Amino acid sequence: MLPLAYSIDFSVMADLAIAVLLGIGFGFCLERAGFGSARRLTAVFYLYDMAVVKVMFTAIVTAMTGLFLLSAAGVLALSDLYIEPTSFAAQSLGGLVFGAGFIIGGYCPGTSITAMATGRKDGMVFALGMLAGVMAYAELTPGIEGWITSTSQGELTLPALTGVGMGWWVLAFVAFLFLAARGMDWLQRRFQHLRPQTA
Amino acid sequence: MSEAVARTVMRPAAAQRARVAAQPFWNPYFVGFLLGLVLLATYAVTGRGLGATGAFSSVAAWLAGLFSPEHVAGNPVHSRYWNDGAPLLSWTIFLLIGAFIGAFLSGRQASRIALTIERGAHVSDAGRLALAFAGGFLAAFGAKIARGCTSGQALTGGSILNVGSLVFMLAVFASAYALAYFVRKEWI
Numbered sequence: 065m066l067p068l069a070y071s072i073d074f075s076v077m078a079d080l081a082i083a084v085l086l087g088i089g090f091g092f093c094l095e096r097a098g099f100g101s102a103r104r105l106t107a108v109f110y111l112y113d114m115a116v117v118k119v120m121f122t123a124i125v126t127a128m129t130g131l132f133l134l135s136a137a138g139v140l141a142l143s144d145l146y147i148e149p150t151s152f153a154a155q156s157l158g159g160l161v162f163g164a165g166f167i168i169g170g171y172c173p174g175t176s177i178t179a180m181a182t183g184r185k186d187g188m189v190f191a192l193g194m195l196a197g198v199m200a201y202a203e204l205t206p207g208i209e210g211w212i213t214s215t216s217q218g219e220l221t222l223p224a225l226t227g228v229g230m231g232w233w234v235l236a237f238v239a240f241l242f243l244a245a246r247g248m249d250w251l252q253r254r255f256q257h258l259r260p261q262t263a
Numbered sequence: 030m031s032e033a034v035a036r037t038v039m040r041p042a043a044a045q046r047a048r049v050a051a052q053p054f055w056n057p058y059f060v061g062f063l064l065g066l067v068l069l070a071t072y073a074v075t076g077r078g079l080g081a082t083g084a085f086s087s088v089a090a091w092l093a094g095l096f097s098p099e100h101v102a103g104n105p106v107h108s109r110y111w112n113d114g115a116p117l118l119s120w121t122i123f124l125l126i127g128a129f130i131g132a133f134l135s136g137r138q139a140s141r142i143a144l145t146i147e148r149g150a151h152v153s154d155a156g157r158l159a160l161a162f163a164g165g166f167l168a169a170f171g172a173k174i175a176r177g178c179t180s181g182q183a184l185t186g187g188s189i190l191n192v193g194s195l196v197f198m199l200a201v202f203a204s205a206y207a208l209a210y211f212v213r214k215e216w217i
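Quick note, the sequences are listed as chains G and L, same order. Going by the working numbering, the first residue of the first sequence is number 65, and it counts up by one from there. Going by the working numbering, the first residue of the second sequence is number 30, and it counts up by one from there.
Please keep in mind that the hints were generated in silico from the structure rather than gathered at the bench. Here the structure is a predicted model, which means the values were calculated and not measured. Even for Gly, the Cβ is constructed at its ideal location relative to N, Cα and C. It cannot be assumed that every hint is accurate.
What the hints assert, rightly or not - Looking from chain G toward chain L, a few residues come up when the C-beta cut is under 8 Å (computed):
hint	residue
1	Leu94
2	Phe109
3	Phe166
Make the full structure from the sequences, and use the hints.
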């Protein structure tokens, strides 16, 4: 039954209209969370405001639970979903570089759009930097593409890797979220003195 | 209507105060729940999750194509985003157009729109913008290597328990926490 796009043949226009609608929800959530602000985003790395982890973790656990329930109800086969192949080497190296960009630039790709939409000039400049970055990657180091493929372990999920079913993982993540929520409140109190006094 | 009238009759100082009184952000767990529903809906409709970096790759392919379509066809990165000669009709570009609209509507409703530069007190505007550009460059380059960013890997892959996405998230946080001390003057 789901995903819809597999049973309904959307026209290009319909497909792009769906993208805009989902995007509105995406951008609305990011802005409501305060992710149009680089200081709110980077606060997580100084531990006085853990909103980034709270929002991301809750979103992941919510979607994970939903996917599991839809699959358990028989309306969505998890095997139908696109899964990006894992390359431990590529995701480790890429993640390290990306993390540097995040703390230096103050945004990630999606949140730079949120920042731009709410008037942040640094968000606009971050997005220009991103365009330069993808251009440099394509023009100067296209050989990395072959390396990513050659180091790939293929599609790999935690249930497949461990033999423990998705339902148990969902339970574990929900439990961990509740524990982490308490831990993050403690961290925020402990590091409150780092919160800048200027708005 | 009454709000519009009030704004026109308000004295400048009062209008200024009203403009800067931004509403507080929503509870992070509640917003996270909503964001999770958007992600779930994206999976349920398209079979793929969210993504953001792909839009920038599509724009780069389009720009390169303005100079030489042959070059784009021969490039292993650009060619994946060429979309049969219509790189700008990429799904992710339209997702981000929507995200721009959604963020604008949210920011406007909460009086958070302000033409400003986000930075700490110990860095100049020019310094902050230079770092924003450098950070954007690195983030994009890293996202290309990792085959995804916070949207495409962390959120989307994380929710389907993709092992590579979980590795990506750990690497992102390890790197950012390790470097946070060195750029603290930019933020706090």
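| Going back to the hint list, which numbers does this structure go against? | Violated hints: none; all satisfied.
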